[in-house]
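Chains as they are written, first to last, in numbering that gives the first Met the number 0: chain A, 0 to 245; chain B, 0 to 256.
Don't read these hints as lab results, they were simulated from the structure. Treat the numbers as computed from the prediction; the structure is a model and nothing was measured. Where is the CB? At the ideal position from N, CA and C, for every residue including glycine. A few of these clues could be false.
As the list claims (entries may be wrong) - One side only, chain A facing chain B, incomplete, derived with CB under 10 angstroms:
1. R36
2. Y76
3. E108
4. N109
5. P117
6. Y124
7. L156
8. F180
9. V190
10. G194
11. I196
12. M199
13. K229
14. K235
Listed here are the chains, written in short residue letters.
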Amino acid sequence: MGGKSDIRLIDENGIRIDGRRRDEMRPVRIEAGVLKRADGSAYLEWGDNKVIAAVYGPREVHPKHLQETNRAIVQYYYAMAPFSVDDRKRPGPDRRSTEISKISAEALENVIFVEQFPRTTIDVYVTVLQASAGTRCAALTAASVAVADAGIPMRDLVAACAAGKVEDQVVLDLVKEEDNFGQADMPIAIVPKTGEIVLMQMDGHMTLDEIDEAMDMAIKACYDIYEIQKEALWKKYERLAEEEVV
Amino acid sequence: MAEEEAYVDKREESGGAEGSSSRIREIVLPGELVGEGLRAGMGTYREGSKVYASQVGIKSVRAGYVNVIPINGRYMPKVGDQVIGIITDVGPTYWMVDINSPYPAPLHVNEVPWKVEFGDTAKYLNIGDTVLVTVSNVDEVKHVQVSMLTQGQRRLNTGFLVEVTPSKVPRMIGKGGSMISMLKNLTHCRMFVGQNGRIWIDGEPDAMVVAAEAVGLIEREAHAFGLTERVKEFLESRMAELSSSAKESDGGEDGGR
Numbered sequence: 000m001g002g003k004s005d006i007r008l009i010d011e012n013g014i015r016i017d018g019r020r021r022d023e024m025r026p027v028r029i030e031a032g033v034l035k036r037a038d039g040s041a042y043l044e045w046g047d048n049k050v051i052a053a054v055y056g057p058r059e060v061h062p063k064h065l066q067e068t069n070r071a072i073v074q075y076y077y078a079m080a081p082f083s084v085d086d087r088k089r090p091g092p093d094r095r096s097t098e099i100s101k102i103s104a105e106a107l108e109n110v111i112f113v114e115q116f117p118r119t120t121i122d123v124y125v126t127v128l129q130a131s132a133g134t135r136c137a138a139l140t141a142a143s144v145a146v147a148d149a150g151i152p153m154r155d156l157v158a159a160c161a162a163g164k165v166e167d168q169v170v171l172d173l174v175k176e177e178d179n180f181g182q183a184d185m186p187i188a189i190v191p192k193t194g195e196i197v198l199m200q201m202d203g204h205m206t207l208d209e210i211d212e213a214m215d216m217a218i219k220a221c222y223d224i225y226e227i228q229k230e231a232l233w234k235k236y237e238r239l240a241e242e243e244v245v
Numbered sequence: 000m001a002e003e004e005a006y007v008d009k010r011e012e013s014g015g016a017e018g019s020s021s022r023i024r025e026i027v028l029p030g031e032l033v034g035e036g037l038r039a040g041m042g043t044y045r046e047g048s049k050v051y052a053s054q055v056g057i058k059s060v061r062a063g064y065v066n067v068i069p070i071n072g073r074y075m076p077k078v079g080d081q082v083i084g085i086i087t088d089v090g091p092t093y094w095m096v097d098i099n100s101p102y103p104a105p106l107h108v109n110e111v112p113w114k115v116e117f118g119d120t121a122k123y124l125n126i127g128d129t130v131l132v133t134v135s136n137v138d139e140v141k142h143v144q145v146s147m148l149t150q151g152q153r154r155l156n157t158g159f160l161v162e163v164t165p166s167k168v169p170r171m172i173g174k175g176g177s178m179i180s181m182l183k184n185l186t187h188c189r190m191f192v193g194q195n196g197r198i199w200i201d202g203e204p205d206a207m208v209v210a211a212e213a214v215g216l217i218e219r220e221a222h223a224f225g226l227t228e229r230v231k232e233f234l235e236s237r238m239a240e241l242s243s244s245a246k247e248s249d250g251g252e253d254g255g256r
């Protein structure tokens with residue numbers, strides 16, 4: 000955000016740097032249950048973003064003082080692989096990933112029936128293998144599929160998508176260049192069944208009208224993401240929906 | 000054993016009551032509407048009169064309840080469950096037992112069939128030992144206690160364990176124990192299925208392998224119709240292979256003498 004460049008991010012025909020229109024999302028592909036050792040897992044490709052999520056639990060909390068006597072806690076570990084960006088990302092938690100972990104955990108806590116599992120933790124590990132803007136949305140989208148895959152009771156999945164402002168226009172799902180040189184980026188996560196917003200942040204500046212437009216765009220996209228998430232779970236379990244003539 | 004019934008083919012029932020000729024096992028996802036005006040059973044939650052699934056599972060409606068039988072998930076201890084535990088720690092008056100759930104369970108010296116002197120706990124059970132126990136108490140914050148005072152509960156000294164997803168345990172047992180007794184009869188193994196998804200198998204080495212393979216087959220195809228028949232075929236062919244190869248080797252030895 001805020002950087003300057005000579006590249007035209009949106010051309011005179013309204014086509015963006017990667018050939019999309021203003022309200023077009025990058026292609027998303029999700030696969031559920033990719034890891035054998037984890038209780039639940041998912042792999043997601045969102046344009047050039049590649050994310051893998053693993054869920055363990057509910058299980059005992061260590062260290063003990065973190066445990067809550069009346070509900071499960073959700074521990075979310077967002078991490079970027081050292082090779083996920085152009086300059087090597089120094090491994091280990093930093094300010095940014097700690098923040099993303101916190102807000103994503105809170106988003107998931109809203110849909111998981113945490114009160115069914117007192118004194119336990121649900122651990123969600125998400126690693127960004129390749130990043131190209133919008134990784135927190137990609138991570139949360141993958142994580143919620145992994146939580147469902149782990150058989151953890153939840154009200155609904157969480158779907159996330161970002162919208163922002165580039166060259167004075169509101170656009171959906173920014174890519175790396177747009178994120179770096181654009182004017183604003185606003186990730187949103189919703190609970191599709193109720194339309195509740197469980198995560199919303201903004202970086203940069205937009206007018207109120209622009210925020211309204213961006214929100215509408217992002218929320219609409221979340222419902223498309225939701226369909227892809229359900230598709231991924233379906234694909235893993237459809238063979239069980241066997242039909243037989245009795 | 001209500002769950003057990005939910006699992007097992009509902010042939011007689013649907014055939015008789017509705018006269019339907021085919022059924023589909025319906026997979027539902029969290030947040031999916033599974034019923035209206037029905038009572039919310041396992042794996043579901045209610046909002047107003049609408050019932051939604053809370054887990055990935057198979058929908059089943061019976062007796063006014065809508066259930067979602069989960070495909071994955073951890074074991075949640077219930078009072079009265081017979082489970083297979085592994086000792087993880089020894090204290091002066093108790094043992095800690097891992098019962099494959101998020102909660103470790105203490106087994107107090109008063110809850111075992113032996114008279115244990117204070118501090119002598121390790122003489123009876125030690126870390127790594129496998130025990131057959133009953134869940135005797137679970138409170139609202141899920142403090143679990145287990146006991147070995149019920150008949151038949153003991154340390155398992157021989158054989159080995161296999162683990163399956165706890166939600167598939169009813170299928171392992173079958174209606175009225177049909178699946179597990181067939182496994183036992185055809186493999187001549189001693190077996191016990193713990194509610195926590197741990198299965199103990201003991202018998203002839205080759206037969207134990209066959210039994211474990213059959214358990215794997217049941218777990219993979221837990222939701223298929225006509226599973227009992229398929230498992231029976233599998234067991235019969237594998238056991239036939241075993242006995243024929245055993246005869247061959249016997250014959251070879253006889254000839255040498």
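Hint check:
1. The beta carbon of A/R36 comes no nearer than 13 angstroms to any beta carbon in chain B, farther than 10 angstroms, and the hint placing it at the interface is violated.
2. Among the interface hints, the one on A/Y76 is violated; its C-beta lies about 19 angstroms from the nearest C-beta in chain B, farther than the 10 angstroms criterion.
3. Hint on A/E108 is violated. Least Cβ distance to chain B is approximately 15 angstroms, over the 10 angstroms limit.
4. Residue-level restraint check for A/N109 is violated (minimum Cβ-Cβ distance to chain B is 13 angstroms; threshold 10 angstroms).
5. Taken as an interface hint, A/P117 checks out: its beta carbon lies about 5 angstroms from the nearest beta carbon of chain B, inside 10 angstroms.
6. The beta carbon of A/Y124 comes no nearer than 17 angstroms to any beta carbon in chain B, farther than 10 angstroms, and the hint placing it at the interface is violated.
7. Taking 10 angstroms as the C-beta cut-off, the interface hint given for A/L156 holds, the closest approach to chain B being about 6 angstroms.
8. Below 10 angstroms, beta-carbon pairs count as interface contacts, and A/F180 has none with chain B, the closest being about 38 angstroms; its hint is therefore violated.
9. Satisfaction of the interface hint for A/V190 is found here, the shortest Cβ-Cβ separation to chain B being roughly 8 angstroms, below the 10 angstroms cut-off.
10. Checking A/G194 against chain B by beta carbon gives a least distance of about 12 angstroms; that is not within 10 angstroms, so the hint is violated.
11. Proximity of A/I196 to chain B is violated relative to the hint, the smallest CB-CB distance being about 16 angstroms (cut-off 10 angstroms).
12. For A/M199, the shortest C-beta to C-beta distance to chain B is roughly 20 angstroms, which exceeds 10 angstroms, and the interface hint is violated.
13. About 6 angstroms separates the beta-carbon of A/K229 from the nearest beta-carbon of chain B, less than 10 angstroms, and the hint is met.
14. This hint holds: A/K235 has a C-beta 9 angstroms from the nearest C-beta of chain B, less than the 10 angstroms allowed.
Hint compliance for this structure: hints 1, 2, 3, 4, 6, 8, 10, 11, 12 are broken, all remaining hints hold.
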